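Position chain B relative to chain A; hints supplied.
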Amino acid sequence: MSVQALATSPDRTTVVHPGWLRITHWINALAMLVMIGSGWQIYNASPLFDFAFPRSIALGQWLGGALLWHFAAMWVLAINGLVYLTLGLVTGRFRRKLLPIYPREVIADAKAALTFQLAHDDLAHYNAVQKLLYAGVILAGVVVVLSGLSIWKPVQFQELTALFGGYDFARYVHFFAMATIVGFLVVHIALALLVPKSLRAMIVGR
Amino acid sequence: MRFRKIVPGVDPELLIKDAAKLMPDTARRSFLRGAASLGALAFLTGCDIIDGDSAEGVLRKVSSFNDGVQAALFGRTKLAPTYPESAITRPFPFNAYYSLANAPTVDPATYRFEVSGLVDNKKPWTLDELQALPEVSQITRHVCVEGWSAIGSWQGASLGDFLRRIGADTRAKYVWFRCAEGYSNTIDMATALHPQTQMTFKYDHQILPRAYGFPMKIRIPTKLGYKNPKYVVAMEITNTDRGGYWENQGYNWFGGL
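Protein chains in written order, with the numbering used here: chain A, 1 to 206; chain B, 207 to 463.
Isolated chain A, as found in the complex:
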């Protein structure tokens, strides 16, 4: 199946994703998994809503373990994220690939996607729905890191905490930023599995 997909790919020799992007993508994927899994365990210590995450899918066994994971993986997430954002901006990739996003195109492409009529032939070109999702998840990533900083250091970074509506409100911001990222992941992983050549491109570049 993937062989067929590759054979029909119009530009199988051109690099779709440069090396820096693939490396930062997979480091981010692992860091996100650790942050989300340990974050769920931390959430369980004092749930914001009337539910807790099953311990079997949470990381760290207990609050103290989860905090160790969370505050170790945060360095990987933040440093890797900074490298990704910097390179995305200076190479012009964000501007070329993600902008502009027109609402009309998003609606048209969303309709096409929902009726399975959206073409995925050229991996180098993002449709409007992809643009919106990728730009959106980058924004959610920035919000999750900043809101996380604001609840980690509500005294030293109290101005940032105030920006997120105070300590208690910032916890909700942090939670919903996580939920947005998890929502993105569900769609993202499902589509990567539906279009395996996109997964291949993120591993070998083409």
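Heads up, a few of these hints could be off.
Said to hold, decoys possible - Restricting the straight-line Cα-Cα distance to at most 25 Å, the calculated cross-link-like pairs of lysine to any residue (SDA-like) are:
(1) A/Lys153 / B/Glu387
(2) B/Lys284 / A/Phe169
(3) B/Lys284 / A/Val145
(4) A/Lys97 / A/Ala29
(5) A/Lys97 / A/Pro18
(6) B/Lys267 / A/Leu123
(7) B/Lys267 / A/Val76
(8) A/Lys153 / B/Gln344
(9) B/Lys284 / A/Leu146
(10) A/Lys153 / B/Ala356
Said to hold, decoys possible - Partial list, computed: chain A residues near chain B (C-beta under 10 Å):
(11) Thr24
(12) His25
(13) Trp40
(14) Tyr43
(15) Leu63
(16) Leu68
(17) Phe71
(18) Pro154
(19) Ala162
No lab work stands behind these hints: they were computed from the structure.
Owing to the predicted nature of the structure, the values given are computational and were not obtained by experimental measurement.
Think of the CB as a built atom: it goes at the ideal place given N, C-alpha and C, for glycine as much as any other residue.
Using the frame of chain A, we list chain B on its own:
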């Protein structure tokens, strides 16, 4: 039930379950089991460290590194936000790894606050003497490591002023506190000297109730709740890190906010 009213989002049943879960047990020692290989992949790709104990060692090293980062971030004169009386969480929650019934009862008549280590005057202090020290007051946010927070009103003496009064070596690295029930804490000297770090004898202008740490709590609004010891009976000025009840089990040593 009262918890639900006063601390939004904190379910009393979950809180109790959580308290039990927080108890040191055998599961705690192996808290990385089942997650070790994922973590090893995330942090140690290419390394041979994949078992839980080694991963825990690496995570604890990162936690120590984070202590240094937090010490560097700590503003010696940066004050924790303060709040008006109307913002006080009522009633302020009791929180410990034991129930209120098991909280220590300290006899004020025989109570002596013991001072030791790198300090000129090691005279033990009676409660009357302590309560006669110049009073400072604060309404600040108590932030629990679990995530919930509550705003409270504390009165007592400035710890920094007390340390200078008794001739403590303020160039020493640590101040260690021992509590009536065996709880303990070591804090950094910079935090001990912070203007809002308080030897607390009153809660909301009333003598500190047993639930909140009678006869003395160390109120540190720049640190998480577990770094705010209650029922404090002794203090040592030292260059040796003596750890603490939760810190020894894996909570971050600095615990800064």
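field: Hints the structure fails to honour
entry: Hints 1, 6, 11, 12 and 13 not satisfied by this model.
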